[in-house]
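**Student:** Chains as they are written, first to last, in the numbering used here: chain P, 2 to 112; chain E, 1213 to 1781.
Worth flagging that the hints you see were computed from the coordinates, not collected in a lab. Treat the numbers as computed from the prediction; the structure is a model and nothing was measured. Honestly, I wouldn't trust all of these hints.
If the Cβ cut is set under 10 Å, some of the chain E residues that face chain P in the computed set are [stated by the list, open to error]:
1) L1298
2) L1410
3) G1411
4) G1412
5) V1497
6) T1542
7) Y1553
8) A1561
9) Q1585
10) W1588
11) L1591
12) P1739
13) V1740
14) F1742
Idealized CB from N, CA, C, for every residue including glycine.
Read off the chains here:
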Amino acid sequence: MTGATTGRQSWTPREELAEGTPHGDVYLRRLIRSQLRLSLLALGAFGGLIGSLPLLFLLFPDLQGVAPLGVPLPVLILIAPLFPLIVVIGLLYQRRADSLDEAFRDVVSRE
Amino acid sequence: MIAAAAVVAVAAGAIGLGVWGVRLARTTSDLYVASRAITPWWNAAAISGEYLSAASFLGIAGLGMKLGASVLWLPVGFAAGYLALLFFVAAPLRRFGSYTIPDFAEARLSSPRVRVVAAGVVLTIGGFYLVPQLKGAGLTIGSVAGTPYWVGVVAVAALVALTVALGGMRGVTYVQAYQYWVKTFGIALPACLLLIYLGGLPERAALFGRELPRAPAGGLVVQLDSAQKVEFPESARYALDGRVFRASGGSERVLEGRLVLPAGTAVPVAEGGSVERGSEWSEPVERSGPASPVFVYSLLLATFLGTMGLPHILVRFYTNPDGSAARRTTVRVLGLLGLFYLFPAVYAALGRALTPELYVKGETDSVVLELPQAAWPGLGGELLAALTAAGAFAAFTSTSSGLLVSIAGTLSHDVRRGSAERPLERMRRFRWAAVAGMVVPAVIALMARGLDISVLVGWAFALAASTFCPLFLLGIWWRGLTARGAIAGMAAGGLVASTGIVATLLADPAPTVLGALLAQPAVLSVPVAFATMIGVSLLDRERPEGTEETMLALHGPEGLGLEALRARA
């Protein structure tokens, strides 16, 4: 854009990354940090959900008396709805992680 | 007879697909990793097919019948393990391109010593995981063909060793995908048909409420082939080989022979099990005992973090074309596993009602095999039993071949590395390693008949969560990890986990908090492993060289065009 410049300023992000320059490293660190943040967020969401169940069942023993279809509610919760929920969390994560990668690709291919 | 035919049909189908797969993909890298251009759905079915082992097919239902609803945490953890793999491992490891865990360890930390340690852990976990598969084989073949336990163990060990030695992983993707559907139909169809036939859960189930499992209207006849210690929950009159005895409530007797319980007698329970009323049996969490919160959380942690460290799982991810495909595959795996895990609980509940003799024999692990004929006498039950037998056969053969490929690969490739060998020599060593790698697990399986399949598998998960999980999480996401840190962390985690496991095996500690920690050590051993790995790495000055490039290889998405740029330079 500014004509023929020489030296580091003229490098494209792709070159920075390929050469492992400090600039390139900053790009990479930013990507890793954003991916890690997403993973930890997803982990927190899932862990909070599953992790609270044993405590919930322990603190509210009356749930055991609620029995739709003749099966106590805690047992039903463990068998059926958890698995679709795990898939949904996985799907949401996968979409987001792929779009972070996509954004990184856009940054890198900027000339 | 029908069941035997079904097992043979499944085996023949697998072999046929294997041969077809070899024709389909014939390139040199196929020995370890099948062709890389396979769609996510095929891949996901193959991963699930390899993962769903005897523990899932037989073990969950068996342990569920024995211990009750607390066992339902196991399938949740087994499935959620793939969520952890998805969040932290799947895409980076696919991009990095190491085929095995020892490969990853050496390449990431540029240290051959880490490779050797990792190889040792692969062998331990793989061996631990093979034992329950072979136990499942002994039970299933015994139930189908009426042979003694050891015949099934030896026959399947030999069969699997032979197939792996001859075939490697060639064409295995299609075979494993096929095995997934055999297993899912094998468990789902009988479960649904039995529920329809019985019109829901049977009345005398003693599933919930104050009831104990009782002998049915016609009385209960149990053949005890070897001397068995059983506990009588209530005082009862019973007959042993025709002579009538009386047992008082809570007493223990050693019995052998033909045991007859009159109708309505509370069913005695073999040593190792405990007598539970319906209300206790149906509680997912209890204040103490084997369903105490400490135990449940520790089990969830072990399965959640242990899945990524199972040696036979990761290698499957390299058949994905790129990191993003690895993620898409993993999401599909979650769906396929969730579908399968809806059904084992049905067998646990029906088994408590309809096959109470398994409590007396202490063989609840075979409930999936025995239930159909007990619930539906006649041809219907026989056909369904054939389905579950075929599914069980698919379960233990697929998992044990996957495990043995990893074990043999590690034995021949990592432990003793020759330099610049001819491919033919390598092939020959792989074959011998496949045979050798099967011997020790088979011998242990012959001695481990009394241990529950799911308990054994739970330990393998605990070990994997305390060694390879920190290696992956820190190796992939933290630049500071060093070779010394990785070795120290794996050693510390592995030591704490195995101390608990060995102590439980030898001493059978009381069901206190300490006992729960020993029996399921993950909640302790995982933090120890992480802390040691981080601590030693921080003290260690010797960072591996080239960490920046490694990080780029792990996390840089495909299609950046870096290779072309480097090639030009």
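**Student:** Confirm or reject each hint.
**Tutor:** Hint by hint, here is what the structure shows:
1. The interface hint given for E:L1298 holds, since its Cβ lies 6 Å from the closest Cβ of chain P, which is under the 10 Å cut-off.
2. Hint status for E:L1410: violated, given a least beta-carbon distance of 13 Å to chain P, over 10 Å.
3. A hinted interface residue such as E:G1411 counts as satisfied when its beta carbon comes closer than 10 Å to some beta carbon of chain P; here the least separation is about 12 Å, so the hint is violated.
4. Checking E:G1412 against chain P by beta carbon gives a least distance of about 8 Å; that is within 10 Å, so the hint holds.
5. The interface hint given for E:V1497 is met, as the beta carbon of that residue sits about 5 Å from the closest beta carbon of chain P, less than 10 Å.
6. A cut of 10 Å between beta carbons decides the hint on E:T1542: the least distance to chain P is about 7 Å, and the hint holds.
7. Because the beta carbon of E:Y1553 sits about 6 Å from the nearest beta carbon in chain P, less than 10 Å, this interface hint is met.
8. Checking E:A1561 against chain P by beta carbon gives a least distance of about 8 Å; that is within 10 Å, so the hint holds.
9. For E:Q1585, the interface hint is violated, the least distance from its beta-carbon to any beta-carbon of chain P being 25 Å, above 10 Å.
10. The criterion of a C-beta within 10 Å of any C-beta in chain P is not met by E:W1588, whose closest approach is roughly 21 Å, and the hint is violated.
11. Below 10 Å, beta-carbon pairs count as interface contacts, and E:L1591 has none with chain P, the closest being about 29 Å; its hint is therefore violated.
12. A distance limit of 10 Å between C-beta atoms decides the matter here; for E:P1739 the minimum to chain P is near 15 Å, and the interface restraint is violated.
13. Against a cut-off of 10 Å between C-beta atoms, the interface hint on E:V1740 is violated, since the closest Cβ of chain P lies about 20 Å away.
14. Taking 10 Å as the C-beta cut-off, the interface hint given for E:F1742 is violated, the closest approach to chain P being about 14 Å.
In the structure shown, a violation is registered for the earlier hints numbered 2, 3, 9, 10, 11, 12, 13 and 14, in ascending order.
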